[in-house]
Amino acid sequence: MAGRFNDRVRKARAKIVCCAVLVVCLLQLAACSQKIEATSVGTGNGGTLKIGSDGSPLLGPLYAAAHPRAETGTPNWSIIRFGSGGDVGYALLAGKLDAGFVETNKALKLLQAPGGNSLKVAGALQFPYGATLVLRKDLNLRLGDLAGRTIAAQEPDCKLLHQFRKDALRAGVKPADVQVKFMPFDEMIPALEAKTVDAVLVKGSYALLAQNLGHKVLYQNWDIKAGDDCCPAALAQTDYFLLVRETAVGSLKPLLRELVATGGLPPAQLRQAISRQIGYPLAALEQFPLPTYAPVSGDLRKTLGERQCARSL
Amino acid sequence: MRPIALTVTAPKRALLPSRISPLLGAMRQFAGFSLGSLLSRESLRVLIPLLLLWELLPRLGLVPVTLLPPPSSLVHTLKFLLTRMSLVQHLGTSLLRYLLGSLLAVLLAVPLGVVLGWNSLIGRHALPLFQILAPIPPPAWVPLTMVVLGVGLPMQVFLIFLGVFYPVLFNTYQGVRDTEPRYLASARVFGASEFTVMVWVLFWSALGPIVMGLRIGSSIGLIMLVVAEMFGGQSGVGYLLLQSKEYFQIDRMVVCMGILGGFGWFMNELLKFLEQKYARWRFIH
Chain A
111 MAGRFNDRVR KARAKIVCCA VLVVCLLQLA ACSQKIEATS VGTGNGGTLK
161 IGSDGSPLLG PLYAAAHPRA ETGTPNWSII RFGSGGDVGY ALLAGKLDAG
211 FVETNKALKL LQAPGGNSLK VAGALQFPYG ATLVLRKDLN LRLGDLAGRT
261 IAAQEPDCKL LHQFRKDALR AGVKPADVQV KFMPFDEMIP ALEAKTVDAV
311 LVKGSYALLA QNLGHKVLYQ NWDIKAGDDC CPAALAQTDY FLLVRETAVG
361 SLKPLLRELV ATGGLPPAQL RQAISRQIGY PLAALEQFPL PTYAPVSGDL
411 RKTLGERQCA RSL
Chain B
27 MRPIALTVTA PKRALLPSRI SPLLGAMRQF AGFSLGSLLS RESLRVLIPL
77 LLLWELLPRL GLVPVTLLPP PSSLVHTLKF LLTRMSLVQH LGTSLLRYLL
127 GSLLAVLLAV PLGVVLGWNS LIGRHALPLF QILAPIPPPA WVPLTMVVLG
177 VGLPMQVFLI FLGVFYPVLF NTYQGVRDTE PRYLASARVF GASEFTVMVW
227 VLFWSALGPI VMGLRIGSSI GLIMLVVAEM FGGQSGVGYL LLQSKEYFQI
277 DRMVVCMGIL GGFGWFMNEL LKFLEQKYAR WRFIH
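Sequence lines, in order, name chains A and B. Heads up: the first sequence runs through residues 111 to 423, numbered per this note's numbering. Heads up: the second sequence runs through residues 27 to 311, numbered per this note's numbering.
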């Protein structure tokens with residue numbers, strides 16, 4: 111009896127092992143076939159251009175341009191998504207991308223980095239500047255309740271802070287009662303998430319990013335123009351630079367034309383493109399203005415220097 | 027001359043409290059032990075040519091200086107990080123997170139491992155759960171941890187805890203299972219209670235594997251420290267490393283990597299030293 115039972119157990123074990131091997135083989139096959147498909151997207155059609163992005167909702171014009179339309183046909187370029195603007199930069203340096211959208215501060219550093227001189231600025235993504243106070247998601251306050259709370263601002267002489275203090279005073283909050291911590295815009299949303307501050311005073315584009323994480327907009331003033339002593343308007347107004355490899359400038363012309371053309375699209379279409387591409391809730395997008403693509407302007411050319419910009423396209 | 031030298035050194039030693047003196051002795055022993063392995067002829071034969079290559083390749087223009095900054099230029103970067111970027115504060119913050127996570131892991135994993143190894147019934151019931159959870163890569167816990175613990179110190183400590191916990195637990199368990207049965211028999215013959223057996227026989231017998239688990243865990247903990255500081259922290263060496271990476275400051279990135287490597291080496295040497303000091307019988311065999 112025991113011998114027969116052991117035989118059965120041995121056979122069952124052998125079957126389980128065979129099944130496991132089969133499943134592993136099938137998974138491998140599936141993975142290989144997917145890889146072949148992915149490769150053909152990147153290099154097929156005699157050189158599809160690769161455009162790097164970090165999947166930000168601020169890249170609306172890129173997502174709208176990527177959507178095939180009757181008048182333009184299927185684009186000959188594809189969006190390659192990365193985890194951050196820094197990764198897009200490294201891929202550009204490594205020659206794995208033809209162009210990529212990189213945040214302004216990072217792009218400026220990238221242009222100075224080794225190999226950065228082979229990259230040129232071909233355009234900029236801009237978002238209305240504005241002053242926005244974003245309140246941490248777990249707090250439920252009004253502007254008048256801010257006394258004793260800590261907010262983050264960019265710099266003591268920041269235009270946004272001066273404007274906010276004026277507006278807060280009107281709401282009955284003495285500027286001295288609100289503690290201010292200074293940090294770059296990039297660090298403000300992580301600080302909000304880590305609960306080291308109660309609210310952050312950011313320019314418009316960061317408010318869009320913060321709201322996506324569930325934080326609440328407490329105050330907004332869109333009547334502020336970008337640019338002060340610390341940061342020229344051409345840079346302060348820009349959220350992303352489109353960096354292109356010098357050798358690919360010519361072949362990127364259709365993409366650049368498409369990006370410029372997105373400026374004429376109805377806002378609803380642009381919002382839908384963002385929502386479709388990155389799964390951003392459409393309702394949240396409706397509360398904000400939209401990003402726009404602009405080719406390198408004279409101001410930007412002057413600020414960055416002629417060498418850093420792509421020839422007029 | 028010799029008697030005079032003795033009279034000079036003797037009062038200095040007498041000034042030290044009796045508790046500090048052995049500590050200083052142990053520190054001296056540790057310095058000799060760790061630097062001895064680093065500065066051995068064998069390791070220098072590998073390290074010196076590598077350092078020379080690292081210095082020369084960028085200087086000769088074979089590798090771009092800014093992509094691989096030579097070690098001599100990193101001294102300036104280190105100075106900059108120390109004076110302008112509050113490196114000491116960042117190090118202190120990282121150390122606090124690392125020690126909290128590691129301590130918590132050791133305090134939980136060692137007693138648990140001893141109990142699982144001591145009682146096979148408990149072991150059979152609880153071990154499969156840990157064996158299922160252990161292979162999950164600690165970074166995969168990040169999203170869930172952020173949801174449950176939020177972003178901040180508790181999340182960071184928990185992620186480091188996860189990195190250290192499993193190696194220590196499984197090594198402790200295995201060490202306890204491998205205890206010589208005659209040690210247990212002897213203790214029981216002399217009337218030792220089960221608690222005494224666990225504390226004075228099983229734990230000490232498993233000390234070698236426990237330290238081995240700690241050595242593995244300390245390396246994984248260091249990886250998790252960097253992962254944890256990438257999320258939500260605005261301080262720590264991992265944060266500095268990530269910021270340097272995002273802003274293409276490769277020299278700063280290399281300095282941070284060097285600091286992490288140096289700290290990992292220090293922890294490994296410290297644990298090796300403790301193993302030699304307190305689990306001496308392993309080396310007698």
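Hints are computed from structural coordinates only; laboratory data are not their basis. Take the hints with a grain of salt, since some may be wrong.
What the hints assert, rightly or not - In silico contact screen, one side only, chain B against chain A (beta carbon under 10 Å); selected entries: (1) P90; (2) T171; (3) M172; (4) G176; (5) V177; (6) G178; (7) V253; (8) F257; (9) L268; (10) Y273; (11) Q275; (12) I276; (13) R306.
Positions of the beta carbon are idealized from the N, C-alpha and C atoms, including for glycine.
Okay, the hints, checked on the actual structure:
1. P90: The hint holds - P90 (chain B) has a Cβ within 10 Å of chain A, the shortest such distance being about 5 Å.
2. T171: violated (13 Å)
3. M172: Hint on M172 (chain B): holds, closest Cβ of chain A at ~8 Å, below 10 Å.
4. G176: Interface hint status for G176 (chain B): holds (7 Å vs cutoff 10 Å).
5. V177: holds (4 Å)
6. G178: Because about 5 Å separates G178 (chain B) from the closest Cβ in chain A, which is inside the 10 Å limit, the hint holds.
7. V253: With a closest approach of 13 Å, the V253 (chain B) hint is violated.
8. F257: holds (8 Å)
9. L268: Check passed: Cβ of L268 (chain B) comes within 9 Å of chain A, closer than 10 Å.
10. Y273: Holds, because the Cβ-Cβ distance from Y273 (chain B) to chain A comes to roughly 5 Å (cut-off 10 Å).
11. Q275: holds (7 Å)
12. I276: With Cβ-Cβ at 8 Å, under 10 Å, it holds.
13. R306: violated (44 Å)
Violated hints, in rising order: 2, 7 and 13; the structure is consistent with all others.
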